[in-house]
Amino acid sequence: MFVISQTDKRPMYLQIIEQMKRRIAVGDWAPGQAIPSIRQLAVEIGVSVITVKRAYLELEREGVVATRQGRGSFVTSDAEVGARIREQEMTQQLEQAVRRAALLGVSPRALEKHIREIYDRIAAPKKESK
Amino acid sequence: MIGGMSLHLILKDLRQSSHVIVLAIIGGMAGLALLLIRGQTAFVLGTACFFISMILCGGVLPITNIVNERKRKTLAFMMSLPITAAQYGGAKLLSTLGMFLVPWLTLVAAGLYMILFRHVMPEGTIPTALILATVPLMGFCLVTGIALVGESDGLATAVNVVVNSSYWLAWYLIASQAPALTSTWNSPVPIWNGTAVAVLGMEYAVIAIILALTMLVQSRKRDFL
Amino acid sequence: MSETGIELEGVCKSYRFFELQNVALQVPLGTIMGLIGPNGAGKSTTIRILLGLVHQDRGNVRVLGHRMPDEQVAAKWEVGFASEDMRLYESMTLGWHMNFMQSIYPAWDAGYAQDLLKRFGLRAEQKVKGLSHGQRVKATLLLVFSRRPRLLVLDEPTTGLDPVARHEVLREISSVVADEDRAVLFSSHNTQDVEQISDCITFIDRGRVIDSMDKETYLDRWRRLRLEIPAGITLPIVPGIIWVKQTGRLAVAITNNFKADIPTAYERAGILVHAVETMTLEEIFVANVEHNREEVVA
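As given, the protein sequences belong to chains G, E and F, one line each in that order.
Just so you know, the numbering used here puts 82 at position 82 of the first sequence, and the rest follows in order with no gaps.
Just so you know, the numbering used here puts 53 at position 53 of the second sequence, and the rest follows in order with no gaps.
Just so you know, the numbering used here puts 195 at position 195 of the third sequence, and the rest follows in order with no gaps.
Chain G extracted, bound-state conformation (with noise of 0.2 angstroms):
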């Protein structure tokens, strides 16, 4: 089921992607698993048509989809690509992360002091308490 959020404030075809890609990280589409047209697709979510080709064009470039022609689209049989996505994203995250630091005048050298302090604070306790 994918569900668009409406106080998601990004464009729904990233919304879709990444729906799509979640579902390729827990294994629910496999990877060489055909998986639903676009206009099939479009209309279980009731979203246009362009919106949905538009998140199958980009995966295709990222190389996470395929799309044969006349024989539909398939997840890419990389047996990685689970992984890859959930790197792919924390990769994006970070990103994020550094792009503002970098706005912000902050040093690598304390960029990478702050991260350390920061997963100190919210992952390393609960690795602790195991």
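By construction, these hints were calculated from the structure, which means they are not laboratory data.
Check before you lean on any hint, since a few could be wrong.
[Stated by the list, open to error] Okay, derived cross-link-like pairs now, BS3-like style, lysine-lysine, Cα gap no bigger than 30 angstroms in a straight line:
{"id": "1", "chain 1": "F", "residue 1": "245", "chain 2": "F", "residue 2": "259"}
{"id": "2", "chain 1": "F", "residue 1": "118", "chain 2": "F", "residue 2": "129"}
{"id": "3", "chain 1": "E", "residue 1": "71", "chain 2": "E", "residue 2": "12"}
{"id": "4", "chain 1": "F", "residue 1": "127", "chain 2": "E", "residue 2": "12"}
{"id": "5", "chain 1": "E", "residue 1": "12", "chain 2": "E", "residue 2": "73"}
{"id": "6", "chain 1": "E", "residue 1": "12", "chain 2": "F", "residue 2": "259"}
{"id": "7", "chain 1": "G", "residue 1": "9", "chain 2": "F", "residue 2": "127"}
{"id": "8", "chain 1": "F", "residue 1": "118", "chain 2": "E", "residue 2": "73"}
{"id": "9", "chain 1": "E", "residue 1": "71", "chain 2": "F", "residue 2": "127"}
{"id": "10", "chain 1": "E", "residue 1": "73", "chain 2": "E", "residue 2": "221"}
{"id": "11", "chain 1": "G", "residue 1": "9", "chain 2": "G", "residue 2": "53"}
{"id": "12", "chain 1": "G", "residue 1": "9", "chain 2": "F", "residue 2": "245"}
{"id": "13", "chain 1": "F", "residue 1": "118", "chain 2": "E", "residue 2": "12"}
{"id": "14", "chain 1": "E", "residue 1": "221", "chain 2": "E", "residue 2": "12"}
{"id": "15", "chain 1": "E", "residue 1": "71", "chain 2": "F", "residue 2": "129"}
{"id": "16", "chain 1": "F", "residue 1": "129", "chain 2": "E", "residue 2": "73"}
{"id": "17", "chain 1": "E", "residue 1": "73", "chain 2": "F", "residue 2": "127"}
{"id": "18", "chain 1": "F", "residue 1": "259", "chain 2": "G", "residue 2": "53"}
{"id": "19", "chain 1": "E", "residue 1": "71", "chain 2": "E", "residue 2": "221"}
[Claimed, not checked] Not the full set, but computed from the structure, chain F residues with beta-carbon under 7 angstroms of chain G:
{"id": "20", "residue": "32"}
{"id": "21", "residue": "170"}
{"id": "22", "residue": "171"}
{"id": "23", "residue": "174"}
{"id": "24", "residue": "175"}
{"id": "25", "residue": "178"}
{"id": "26", "residue": "196"}
{"id": "27", "residue": "199"}
{"id": "28", "residue": "212"}
{"id": "29", "residue": "213"}
{"id": "30", "residue": "214"}
{"id": "31", "residue": "215"}
{"id": "32", "residue": "216"}
{"id": "33", "residue": "278"}
C-beta: ideal position from N, C-alpha, C; glycine also.
Since the structure of chain G is already known, use the hints to place chains E and F on it.
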């Protein structure tokens, strides 16, 4: 011009306004029944009831069948069907006219029956009766044409009121200005003299002109809604 | 078939207080076109011309390959039209209307009609007189959808609907183009509806088409930039920016022709670009109308 679609529209109109027709026939017949009671009062009441039924029916039909379609915005629904403005106009004209003709012809036939077989009046009154009965038909066609062609509810209603309240005047004028008609009233057989034929012919010519003009204007409309 | 759903070209129509000027737009089969614009912009007039209800003074109109208004009968067999100001017969039931449509259109899908009846929460036995505004809208749409027309033309189909009904209606509209041989044109004041389900957008203002293109391209061209202007620097004029507002050291700029060199141009002038935001259709609508009005004044 009358394709399957027009037939659909005509049948729909007939169904929607059938109660008006039934009421008009009942009212007119009641008037004629009064004529069976001999006497001045019964005669006046009977003919009044007969013509009032006819006039009411003629006044109501263009409003319910044409004016209300525009006013209640069902016109857009109708025009979304596979028809042109001219076809719609033709269908409306036919259905409205047809619905009026049902009670009109029934009542005229019933009236003739009362004269010919129940002898409520001398047969010499037949030409005049037909001429007088055709006046509401003529007025009805005028109101219907204007209701269809005119874009304004106000205009259609105004014409309706004026036309329907002038019948008495028209009848009075015909009766008083054409002694050739009234002079034959007491004859035991209908006498079709030149005046009677000319007046009746003129009435039908006017009806034909009104209908033709209505269709012409309707088919030339460029903006329909 | 290589025919287009709708094709308008150089369409003009003059009224006493309003003029439609050179309207051109195309709706290919398999797509949904959203028609947006302020009140009185000419959306309804355009739709009426499409259906042959109003005859254009000049220009060509083709609907599913049929020349309008001359071939309107052939076109209307295949076109489903519903408008916000369309009414059904008050004294008749919805069921009567359904039978009436079924008797006319061979393509009437009785099963689908029953399905819609249930989903729209309507009852066939009910007279139109007793229906609420929203129910009337749904009833009118049911009559149109159940015909499964190749082209749907809907003037304000979601006005007055509750959120559930709106959702159902949008779903029905977007499912139409699951079939690549069908198309939809709908006008709406609800920009969110248009943004969600349309493939193409045509923006009309004051009788002229301002923009007509695919939705993704259209949305992509508009961006809002949030800027910080350090002391001693003045905001430069950057080509492509149609609207700027500065308060103190912060400024917001809007472009309708976004390219990567726009933020670069600001940065080169020493300005900090805090964010480059996409805009909703609603925001674009307002910015576009204001921009357009200013241009007309200037």
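Tested hints:
Taking the CA atoms of residue 245(F) and residue 259(F), the gap is near 20 angstroms; set against the 30 angstroms cutoff, the hint holds. Restraint check: the Cα-Cα separation between residue 118(F) and residue 129(F) comes to about 20 angstroms, which is no more than 30 angstroms; the hinted pair holds. Under the criterion of a C-alpha separation no larger than 30 angstroms, the hint pairing residue 71(E) with residue 12(E) is consistent with the structure, at around 18 angstroms. With a C-alpha separation of about 16 angstroms, the suggested pair residue 127(F) and residue 12(E) falls inside the 30 angstroms cut-off, and the hint holds.
Between residue 12(E) and residue 73(E) the CA atoms are separated by roughly 16 angstroms; this keeps the pair inside 30 angstroms, and the hint holds. With a C-alpha separation of about 59 angstroms, the suggested pair residue 12(E) and residue 259(F) falls outside the 30 angstroms cut-off, and the hint is violated. With a CA separation close to 44 angstroms, the supplied pair residue 9(G) and residue 127(F) exceeds the 30 angstroms bound. Restraint check for residue 118(F) and residue 73(E): the C-alpha separation of about 26 angstroms stays at or below 30 angstroms, so the hint holds.
Distance restraint check for residue 71(E) and residue 127(F): the Cα-Cα separation of roughly 19 angstroms lies within the 30 angstroms cut-off, and the hinted pair is therefore satisfied. Restraint check: the Cα-Cα separation between residue 73(E) and residue 221(E) comes to about 18 angstroms, which is no more than 30 angstroms; the hinted pair holds. For the given pair, residue 9(G) sits about 20 angstroms from residue 53(G) by alpha-carbon distance, which is consistent with the 30 angstroms threshold. Between residue 9(G) and residue 245(F) the alpha-carbon distance is near 22 angstroms, which keeps this suggested pair within the 30 angstroms criterion.
At roughly 26 angstroms between alpha-carbon atoms, residue 118(F) and residue 12(E) fall within 30 angstroms of each other, so this suggested pair holds. Only pairs whose Cα atoms come within 30 angstroms are accepted, and residue 221(E) paired with residue 12(E) is accepted, the gap being roughly 24 angstroms. Simply put, residue 71(E) and residue 129(F) have alpha-carbon atoms about 15 angstroms apart, close enough for the 30 angstroms limit, and the pair holds. With a C-alpha separation of about 14 angstroms, the suggested pairing of residue 129(F) with residue 73(E) holds against the 30 angstroms cut-off.
For the hint pairing residue 73(E) with residue 127(F), the CA-to-CA distance comes to about 17 angstroms; that is within 30 angstroms, so the pair holds. Using a Cα cut-off of 30 angstroms, the hinted pair residue 259(F) and residue 53(G) holds, with the two alpha carbons roughly 22 angstroms apart. A threshold of 30 angstroms between alpha carbons decides the hint, and for residue 71(E) with residue 221(E) the separation of about 18 angstroms falls inside it, so the pair holds. Given the 7 angstroms rule on beta carbons, the hint for residue 32(F) holds: about 6 angstroms separates it from the nearest Cβ of chain G.
Proximity of residue 170(F) to chain G holds as hinted, the smallest CB-CB distance being about 6 angstroms (cut-off 7 angstroms). Checking residue 171(F) against chain G: minimum C-beta separation of about 5 angstroms stays under 7 angstroms; hint holds. For residue 174(F), the suggested interface contact is upheld, since its CB lies about 5 angstroms from the closest CB of chain G, less than 7 angstroms. Interface hint status for residue 175(F): upheld, as the beta-carbon distance to the closest one in chain G is roughly 5 angstroms, under 7 angstroms.
At a threshold of 7 angstroms, the smallest CB-CB gap from residue 178(F) to chain G is about 5 angstroms, leaving the interface hint in force. About 6 angstroms separates the beta-carbon of residue 196(F) from the nearest beta-carbon of chain G, less than 7 angstroms, and the hint is met. Hint status for residue 199(F): holds, given a least beta-carbon distance of 4 angstroms to chain G, under 7 angstroms. Taken as an interface hint, residue 212(F) does not check out: its beta carbon lies about 14 angstroms from the nearest beta carbon of chain G, beyond 7 angstroms.
Evaluation of the residue 213(F) hint against chain G yields a violated restraint, the C-beta minimum of about 11 angstroms exceeding 7 angstroms. Residue-level restraint check for residue 214(F) holds (minimum Cβ-Cβ distance to chain G is 5 angstroms; threshold 7 angstroms). Hint status for residue 215(F) relative to chain G: holds, with the closest Cβ pair at about 6 angstroms, below 7 angstroms. Below 7 angstroms, beta-carbon pairs count as interface contacts, and residue 216(F) has one with chain G at about 5 angstroms; its hint therefore holds.
With its C-beta approaching chain G no nearer than about 5 angstroms, residue 278(F) sits inside the 7 angstroms limit, and its interface hint holds.
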